[in-house]
Amino acid sequence: MSSISGGGGSSGGGSQSSFFEEVRSSDVVALQRELSEASATRDAVAHREAVKRVIAYMTLGVDVAPLITPMIMAANTTDLVQKKLVYQFLCFYSDRYPPQTMMCINTLLKDMADTNPMVRGLALRALCSLRVPSLLEYILPPLLRVWTPLIACLLD
Amino acid sequence: MIACSHARSLARSRAQGLKDRAPYVRRIAVISAAKIHRLDAMALNDYDVIDQLYDMLQDHSAEVAASCVCSLNEMLGAEGGMACNKAVLMHLLNRIADFHEWHQCIVLDTITRYLVSPAARQEISDDDSFDILVCRLLARLLLQLSWHSIRC
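Residue numbers (the working numbering), protein chains in the order written: chain A, 1 to 156; chain B, 1 to 152.
To be clear, the hints were calculated from the coordinates, so they are not data collected in a lab.
For glycine and all other residues, C-beta sits at the position ideal for the given N, C-alpha and C.
Check each hint, because a few of them may be wrong.
[Said to hold, decoys possible] Computed spacing ranges between beta-carbons, pair by pair:
| no. | chain 1 | residue 1 | chain 2 | residue 2 | range |
| --- | --- | --- | --- | --- | --- |
| 1 | A | 61 | B | 115 | 43 to 51 Å |
| 2 | A | 114 | B | 148 | 33 to 41 Å |
| 3 | A | 42 | B | 100 | 34 to 42 Å |
| 4 | A | 116 | B | 105 | 30 to 38 Å |
Looking at chain A on its own, in the form it has when it is part of the complex:
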């Protein structure tokens, strides 16, 4: 736990190497707490740093699947970098944890209607990268509901 607070204390640029130094699977709990604290205090910088650390652990092969729920909540942000990182995370775990992935479909569909083209593009990309055949019957109805006005808007 101490390694987490030590590694993440400084800003994102310089502390990247420290992400990879001490990895323990028990740190996942600490990460979870960090994510929920950042989201509770609405600290954008801390939130992004926490998400970055989750991705770093993911790339090291640590199973950070318990963090899917807080990560989906982290997708609800105006920070594009954070959004992209969360989508990366979701696409990675989508085929192994379909029920949890289902919760992110709404966020993705909402982002598809965003005014910012980057957000629209990222959402479309993530939606098409989710490999979840078993979830499709749940995805389909809301997808169609969101797309219909979108289609009308785009055809104008």
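Dock chain B against chain A, hints included.
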């Protein structure tokens, strides 16, 4: 079956993405076509996506046009990649300087595949100015590449 319906709905959203105003969204939509094709090869049959992708080779954005070539090559892999004719060839050669290096490789590969085919020999053989034109365009590309290497 469910996978199939999901792919269909994705196909529809992607079809709308193709008409988006932002080039970035269009590019993602073009790439998504290949992704959906991999998920379910039949899903895109109802939406004449292949024709749309051929039309989008004329997109204002070079990134979008080059992504179309990549997607078409991926989706038509069974038929030996994207179909090409003289008009498409000239269009791609005219724009090749706008593409980035990786896309230039893919476009040149596609063009080469066409040029060595019997169809190309038939189409091109009656046009003397064609060789000169291709040489001039490729020379411009080489000049651009060497200019990059000098700057490096």
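Lying within 43 to 51 Å: is that true of the beta-carbon distance residue 61(A) to residue 115(B)?
At roughly 46 Å between Cβ atoms, residue 115(B) and residue 61(A) fall inside 43 to 51 Å, so the hint holds.
Lying within 34 to 42 Å: is that true of the beta-carbon distance residue 42(A) to residue 100(B)?
Hint holds: Cβ distance 39 Å, inside 34 to 42 Å.
A range of 30 to 38 Å was offered for this pair. Does it hold for the Cβ distance of residue 116(A) and residue 105(B)?
Holds: the Cβ-Cβ distance is about 32 Å, inside 30 to 38 Å.
Is the hinted range of 33 to 41 Å satisfied by the C-beta distance from residue 114(A) to residue 148(B)?
36 Å, holds
In this structure, none of the earlier numbered hints is contradicted; all agree with it.
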